[in-house]
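Number of protein chains: 2
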Amino acid sequence: MNKDLFCVIMAGGAGTRFWPVSRSSFPKQFIDILGVGKSLLQITFERFARIVPQENIFIVTSSEYKELTLKQLPQMKEENVLLEPARRNTAPCIAYANFRIQQINPNAKIVVAPSDHLILNDSIFIDTINEGFGFVAENDCLLTLGIKPTRPDTGYGYIQFDSSIQFDGFQNLSGVKAFTEKPNYDLAKFFVESGEFYWNSGIFIWSLQSIQQSFKEFLPDVYSLFNDNADKFATPDEAETIAKIYPVCENISIDYGVMEKAKNVVVLGANFGWSDLGTWNSLYENLDKDCDNNVVDGENILLYDTKNSIVNAPSDKLVVAMGLDGYIVVDTKDALLICSKSDEQKVRTIVNDIKTKTGDRFI
Amino acid sequence: MNKDLFCVIMAGGAGTRFWPVSRSSFPKQFIDILGVGKSLLQITFERFARIVPQENIFIVTSSEYKELTLKQLPQMKEENVLLEPARRNTAPCIAYANFRIQQINPNAKIVVAPSDHLILNDSIFIDTINEGFGFVAENDCLLTLGIKPTRPDTGYGYIQFDSSIQFDGFQNLSGVKAFTEKPNYDLAKFFVESGEFYWNSGIFIWSLQSIQQSFKEFLPDVYSLFNDNADKFATPDEAETIAKIYPVCENISIDYGVMEKAKNVVVLGANFGWSDLGTWNSLYENLDKDCDNNVVDGENILLYDTKNSIVNAPSDKLVVAMGLDGYIVVDTKDALLICSKSDEQKVRTIVNDIKTKTGDRFI
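Chains as they are written, first to last, in our numbering: chain R, 41 to 403; chain S, 41 to 403.
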C-alpha cells in the first residue's frame, strides 16, 4: 500500500440519539448497532485498513474514550489514538491530526471520516476513496464525498454541485456551488427533485499541504495555535501541548470553518449505500427486515401481530411484543425506550428531560 | 374474637396471566401487584386476621411455595401452612383444610377465600363475612359470596340467584338457581341486564359440619380418602398421609364438585368492590390513573403523549414511553411484555408459546 496515504477517523462524538443503547460513557461508534458482532468504529477501521497502511490510521477521540478505543482495536498502536482533552468540533480535531501527520510524512494524502456511519458497499467505497486520493495527489483541492439523495431527508446537509466544472478522467467529480445545512421538508424535496444536490457525507480527502494551506487562510487562529508548537507533535511533549492549546481553540466545524469558504472545494459523487445512522429510523431503513417489516436485534424476541417496528434488546432478555405498528423498542439493562417511529426526532429532547428529572445516571 | 371462626386461604395458584411479573416460581399471590408495598397474599392474610383469630388462619399452597409463604408471613406458625404435594384444584384443597380443622375444633365455622383477589372496601368486606358466619352458625347451608356485576365481563362465572328464597334478618341472602361458567359476551350482557345474576367470587362460608356432609354426599371418594386417615391430621403423620392420598385424589373444583350439586347453597350479595385481578386489564380498571388515564408502577417512568396505558417496571429501571395509547408495558429483569390492551387475553397462549420456543427459563 502507498505509504503516503493516511486516514483520520473522528470518533469523539457523544451522541444521544441512540439512547438508551448509546450513553455518554459508551456512545454510538463503540456499539454493535448493526448487530453484526462489531462496533461501527471497528467496521470503519477495518474498512480503511484495506485502503491505507494500518500504521497510517489515526483515531481522534475524547480522552475519556481512550481505553474503550484501544480495547476495541487492540491492533492499533496507542500513539495512533489522538486524545482530545476537550470537545471542540471537527476543525480542531482535523488540525490536530494534520500536525501529527506533518511530522511523519509532509507528503501525506489524507482521508478524514466519521467513525459511526454505515457504508453498504465496501468495494465501491474503496474504489471511490482511491479515486479521490488519485485526484488530490495531482490537484490542490479539498474533496468532499457527496451522496446521491434517494429521499428528501431533512436530517442531512446538502451540497449543490456545479456540473459546469468538470475534471478530465474524473467523471463523477464536480465543482461546488453551495453547502446547505439541514433544510426543511419542502426545500429538501426541491433539492432532490432538481437533481443538482448531494447529501453531505462528512468524508473528506485532501493532501496535507492543501488542508494546511486552507487552515492558514480561513482559520488562522486555530492554525497558529498548532503551528507555533509544530515541533512538539509526535514527540513526548505532544500531550502537554495539546492540553494547553486545545481548550483555547475555537469550537468550529470543518464545514463551516473551511469547506464553505474555500474556493478549491470539489465534490465526488458516490453511490456506495450510505447512512449517517443518525437515528433509530435511519438504522431501520438500512437493516434487513422480516416478513412483517420488522427489524429485530436480540436472541429472544417474540413478535405477534407486530409490524414496521424495530426491536432491540440484550441477548439474555426475552421481549414479547403484540399489536405494535411502527414503534421503536430498545431495551437495555437499566433503561427502556418505547417510541412511535414518527416521534423519534424527539428522543434528543427527551434525553435532556431525563437529565433534568433523574440526573446523569441514565445518560 | 370467636375461637370457632376459621379461615382457609387458597394460595396454590401458578397463574401465568400476569406474566412476566408472575412466574411459576413466583406467582401472582406473592407479588405486590398493586404497588402498595405488600403482596396480595399479605393483604389477604391481614384482612382475615381482623375477622378470625390469627392461629385459626390456614394457608393451603403448593409445597414449592412453602418458603415464600413463610417469608412473606413471618407471623404465621409453620404448621398453619398446609402443603399440597400435587395440584388437585380446589375441592381436595378444601378437604385437606377441613380434616385439619376437624381435629382442632369440630364446631368450626369456616371462610374459604382465594389469596389473590382485590377487595376495595375492607370494612364492608368484614361486615359481609361476619354476616355470613352468623348465618351458617344457625343454618346448615353452603354460603357463597355473589358480587353485583357492573359490566358484562366474560372472564367471570355467574350465579343466578333465586329471590323467592329469603331468610329473616339476612336481607341480601337468596337461594341459588344456577351456576354458569364464563359466558360469551351476549349471554353476559343478558345476565347483567336481567338483574338476576351475581358474579361468582369464589369466597365461601360454611360450618365444618355442613361442608363435610356435602363432601360425603357429592365427592364420596375424596371424602373417604381423607376420612380413612382422619386421625392422622394435626399429628406428625399428617405430611406422610397427605403425600400418600393427595396424588390419587380427584382433580376437581369445589364449584363443580359440590356447589353446583348441593341443594343447600345460598348466595350472599355483596358490594365491597371486588376483582379477581385475573388480567392486567382488570388491574388497570382497579388502580388510580393519572390525568392521561395511565396506571404507572415504577419510580423512573417518563411518559410522553401516552394515554390509557399501564406501565410497570422495577424501581431502578428507567422507562421512557412516547406515543402509546392503550398498551400494557411490563418490564422485569429478564423479560419485557408490550401488548395492546385489547390483545391481553392472548397472554396466556403466548406464555405457552414462549415455553415452546425458549424452554422454561422465562416462565
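Keep in mind that the hints were calculated from the coordinates and are not lab data. A portion of the hints provided could be inaccurate.
No copy labels: a pair is met if it fits in one copy or bridges any two.
Quick list of in silico lysine-lysine cross-link-like pairs, DSS-like style, CA-CA up to 30 angstroms [stated by the list, open to error]:
hint, residue 1, residue 2
1, Lys397, Lys43
2, Lys188, Lys381
3, Lys111, Lys347
4, Lys347, Lys397
5, Lys111, Lys229
6, Lys397, Lys78
7, Lys111, Lys397
8, Lys329, Lys395
9, Lys329, Lys397
10, Lys303, Lys229
11, Lys43, Lys256
12, Lys381, Lys347
13, Lys303, Lys347
14, Lys303, Lys222
Going through the hints against the structure:
1. Lys397 / Lys43: This pair counts as neither: shortest intra-copy Cα distance 52 angstroms, inter-copy 54 angstroms.
2. Lys188 / Lys381: Within one copy only: 25 angstroms inside a chain, 44 angstroms across chains, cut-off 30 angstroms.
3. Lys111 / Lys347: neither (37 angstroms within a copy, 44 angstroms between copies)
4. Lys347 / Lys397: Result: close only across copies, 20 angstroms inter versus 32 angstroms intra.
5. Lys111 / Lys229: neither (43 angstroms within a copy, 65 angstroms between copies)
6. Lys397 / Lys78: For lysine 397 and lysine 78, the Cα distance is within 30 angstroms only across copies (27 angstroms; inside one copy 33 angstroms).
7. Lys111 / Lys397: Neither: 33 angstroms inside a copy, 35 angstroms across copies.
8. Lys329 / Lys395: For lysine 329 and lysine 395, only the inter-copy Cα distance (25 angstroms) is at most 30 angstroms; the intra-copy one is 33 angstroms.
9. Lys329 / Lys397: Between copies only: 21 angstroms across chains, 35 angstroms inside a chain, cut-off 30 angstroms.
10. Lys303 / Lys229: within (27 angstroms within a copy, 79 angstroms between copies)
11. Lys43 / Lys256: within (26 angstroms within a copy, 97 angstroms between copies)
12. Lys381 / Lys347: both (12 angstroms within a copy, 17 angstroms between copies)
13. Lys303 / Lys347: neither (49 angstroms within a copy, 54 angstroms between copies)
14. Lys303 / Lys222: For lysine 303 and lysine 222, only the intra-copy Cα distance (22 angstroms) is at most 30 angstroms; the inter-copy one is 80 angstroms.
Comparing the model with each numbered hint stated earlier shows that hints 1, 3, 5, 7 and 13 do not hold.
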